[in-house]
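With the sequences and hints as input, model every part of the structure.
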Amino acid sequence: MGSETPQNDQADSTSSNDQPSTGSTITSSPTVNTNRATRLVTIAVAFAAILVGGSYYATTYPINEAKASLLDHKLEIAQEWITFAQKVPFVKKSEIHFLTARLERRKGNYRQMSKYLDLAQDAGYDPEMIARERILASAQSADLDKARPHLAKFLEDPRGDEREICEAYIIGFIQFQLNDSAIDLVKAWQQDFPADARPHYLEGIIYKSMNVNKEAEQCFLNALKVDPKYYAAAMEIADVLLELKNTERALKYLKLAEGDPLLLIDSYVAQAHCYRMLGQADKAEKILRIVLQKTPDHYAASNELGRILVVDRRYAEAIPLLQPIVDKDELLTDPRQSLAMALRGEGRLEEAQAHFDAVEDIKNHLATANQIVETIGNGPDSINDRLTVAQIFWRYGSEQDAMVWMRTAYLLNSKYLPTLEFLLMYYKEKVKQNPELQNQVVKFEREIAFVKAQANRSVDDGTAAPGSGPAPSNVPILPQQNQPEITAPAPSTN
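Residue numbers (our numbering): 3 to 496.
It should be emphasised that the hints constitute simulated quantities derived from the structure, not laboratory data. Don't take every hint at face value.
Calculated pairs, PhoX-like style, for lysine-lysine (alpha carbon to alpha carbon, straight line, at most 25 Å) [as the list claims (entries may be wrong)]:
id, residue 1, residue 2
1, Lys254, Lys231
2, Lys247, Lys210
3, Lys254, Lys227
4, Lys148, Lys434
5, Lys430, Lys330
6, Lys254, Lys296
7, Lys76, Lys109
8, Lys189, Lys330
9, Lys69, Lys254
10, Lys445, Lys148
11, Lys117, Lys434
12, Lys95, Lys117
13, Lys76, Lys254
14, Lys227, Lys247
15, Lys227, Lys257
16, Lys227, Lys76
17, Lys76, Lys95
18, Lys109, Lys296
19, Lys285, Lys330
20, Lys210, Lys76
21, Lys89, Lys109
22, Lys210, Lys231
23, Lys76, Lys257
24, Lys227, Lys189
25, Lys216, Lys254
26, Lys189, Lys148
27, Lys69, Lys109
28, Lys288, Lys247
29, Lys109, Lys148
30, Lys417, Lys148
31, Lys76, Lys231
32, Lys210, Lys254
33, Lys69, Lys94
34, Lys434, Lys445
35, Lys117, Lys94
36, Lys247, Lys365
37, Lys189, Lys76
38, Lys69, Lys117
The following block contains the structure:
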């Protein structure tokens with residue numbers, strides 16, 4: 003390309019490049035600047051590559067970051083990346099909808115999850131992945147009748163969702179104290195992903211729920227060993243140490259947890275609690291006031307500061323902090339007791355006494371439930387006691403605890419009418435939050451109708467009706483954790 007190109011001796015007289023000449027001359031074409039042309043081509047190719055690479059980066063990077071944040075349980079950060087991805091023109095809308103659905107599932111917002119899964123399906127997302135996500139929601143909400151049959155298939159063919167699958171099922175198992183099943187899954191997760199701190203953390207949560215604090219502490223330490231920046235484990239260690247009355251050591255881990263911006267506020271509140279326990283109420287108050295300036299509705303901070311103010315007899319300051327907490331959940335006995343003391347200090351004796359009486363009533367009922375729990379058996383004759391405990395927890399305590407006892411009653415006799423009626427009532431409430439649970443409403447309506455029909459036929463022919471009383475003597479005792487077991491439906495979580 004760099005040499006001159008030979009031309010004919012006689013130039014075409016009609017050419018616009020011909021010049022007037024005198025005599026016979028040999029002409030040649032003008033020299034081409036090939037270096038400049040090559041540079042232009044190179045620049046054009048590089049620019050195109052940048053455009054393609056930039057487009058690829060812009061479309062894949064926010065999606066990958068959102069997925070990573072979901073796996074790390076950084077849901078707020080995941081939401082930010084999903085919001086960013088929505089603004090990128092070339093990102094597939096179906097994938098954004100699917101990730102949004104997964105985010106909502108992680109939050110426990112099952113109605114929103116269902117909405118975005120429908121949008122993902124309409125936009126052409128893989129229908130198998132959408133079906134799997136719905137099953138993971140069932141697992142996470144402990145609807146084990148629906149979810150458990152799919153677990154083996156999911157683990158055999160995880161499609162890159164190994165950790166999502168394990169976590170959803172572990173959460174479901176934990177809700178109903180299927181601790182051996184949860185630990186088996188955790189151990190498999192640890193083996194397959196040795197560099198992941200999450201399964202060690204979840205193992206600690208399991209042992210903590212069993213009140214086995216030393217084992218729980220070791221699991222959380224293992225999580226920090228795998229990932230020294232897994233600050234959620236540091237928060238849990240501090241909580242265990244507070245249960246063990248090791249307040250000063252708990253402070254050490256709470257300060258470590260400050261490294262995570264998402265845990266910073268909760269770490270400060272827990273530190274304030276420690277300082278109060280150590281007799282440094284002034285220091286605790288300063289921390290809590292800083293927290294409440296940034297997050298005025300922080301329940302634990304308001305409760306902790308309210309307690310300090312009541313002890314210091316600053317009742318008028320305490321009441322605005324404690325009253326909203328009690329208004330939101332009147333079953334919280336600690337802030338309600340503090341509020342009663344503050345009201346009494348302000349001379350509002352009638353209001354104070356009403357709260358004192360309510361706190362006493364709640365505590366008495368929970369004490370009754372705990373007394374029954376201490377003596378309850380495993381056989382079929384324990385069904386009515388289990389129903390009593392479930393009903394007390396439902397009214398005065400933890401919804402999760404209520405469903406644990408209701409589930410065990412169902413395991414002992416799945417045709418016992420009071421159990422079925424309780425479960426139907428429960429799911430009619432929960433379906434308002436999670437439409438996916440409508441199948442449970444239908445199921446228990448049918449089971450109740452069947453049991454009642456059987457009872458009517460039994461009255462007509464003079465035989466005993468199934469489900470008309472506690473389980474018959476030939477019903478086996480509740481399965482142990484290391485034995486095969488029948489799984490019953492369970493509530494969703496929020």
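Against the structure, the hints come out as follows:
{"no.": "1", "hint": "Lys254 - Lys231", "result": "14 Å, holds"}
{"no.": "2", "hint": "Lys247 - Lys210", "result": "15 Å, holds"}
{"no.": "3", "hint": "Lys254 - Lys227", "result": "16 Å, holds"}
{"no.": "4", "hint": "Lys148 - Lys434", "result": "19 Å, holds"}
{"no.": "5", "hint": "Lys430 - Lys330", "result": "22 Å, holds"}
{"no.": "6", "hint": "Lys254 - Lys296", "result": "24 Å, holds"}
{"no.": "7", "hint": "Lys76 - Lys109", "result": "11 Å, holds"}
{"no.": "8", "hint": "Lys189 - Lys330", "result": "39 Å, violated"}
{"no.": "9", "hint": "Lys69 - Lys254", "result": "32 Å, violated"}
{"no.": "10", "hint": "Lys445 - Lys148", "result": "12 Å, holds"}
{"no.": "11", "hint": "Lys117 - Lys434", "result": "14 Å, holds"}
{"no.": "12", "hint": "Lys95 - Lys117", "result": "14 Å, holds"}
{"no.": "13", "hint": "Lys76 - Lys254", "result": "23 Å, holds"}
{"no.": "14", "hint": "Lys227 - Lys247", "result": "24 Å, holds"}
{"no.": "15", "hint": "Lys227 - Lys257", "result": "17 Å, holds"}
{"no.": "16", "hint": "Lys227 - Lys76", "result": "20 Å, holds"}
{"no.": "17", "hint": "Lys76 - Lys95", "result": "22 Å, holds"}
{"no.": "18", "hint": "Lys109 - Lys296", "result": "23 Å, holds"}
{"no.": "19", "hint": "Lys285 - Lys330", "result": "28 Å, violated"}
{"no.": "20", "hint": "Lys210 - Lys76", "result": "22 Å, holds"}
{"no.": "21", "hint": "Lys89 - Lys109", "result": "23 Å, holds"}
{"no.": "22", "hint": "Lys210 - Lys231", "result": "21 Å, holds"}
{"no.": "23", "hint": "Lys76 - Lys257", "result": "20 Å, holds"}
{"no.": "24", "hint": "Lys227 - Lys189", "result": "16 Å, holds"}
{"no.": "25", "hint": "Lys216 - Lys254", "result": "17 Å, holds"}
{"no.": "26", "hint": "Lys189 - Lys148", "result": "24 Å, holds"}
{"no.": "27", "hint": "Lys69 - Lys109", "result": "15 Å, holds"}
{"no.": "28", "hint": "Lys288 - Lys247", "result": "23 Å, holds"}
{"no.": "29", "hint": "Lys109 - Lys148", "result": "20 Å, holds"}
{"no.": "30", "hint": "Lys417 - Lys148", "result": "19 Å, holds"}
{"no.": "31", "hint": "Lys76 - Lys231", "result": "13 Å, holds"}
{"no.": "32", "hint": "Lys210 - Lys254", "result": "20 Å, holds"}
{"no.": "33", "hint": "Lys69 - Lys94", "result": "15 Å, holds"}
{"no.": "34", "hint": "Lys434 - Lys445", "result": "16 Å, holds"}
{"no.": "35", "hint": "Lys117 - Lys94", "result": "17 Å, holds"}
{"no.": "36", "hint": "Lys247 - Lys365", "result": "23 Å, holds"}
{"no.": "37", "hint": "Lys189 - Lys76", "result": "23 Å, holds"}
{"no.": "38", "hint": "Lys69 - Lys117", "result": "19 Å, holds"}
Violated hints for the displayed structure, listed by number in ascending order: 8, 9 and 19.
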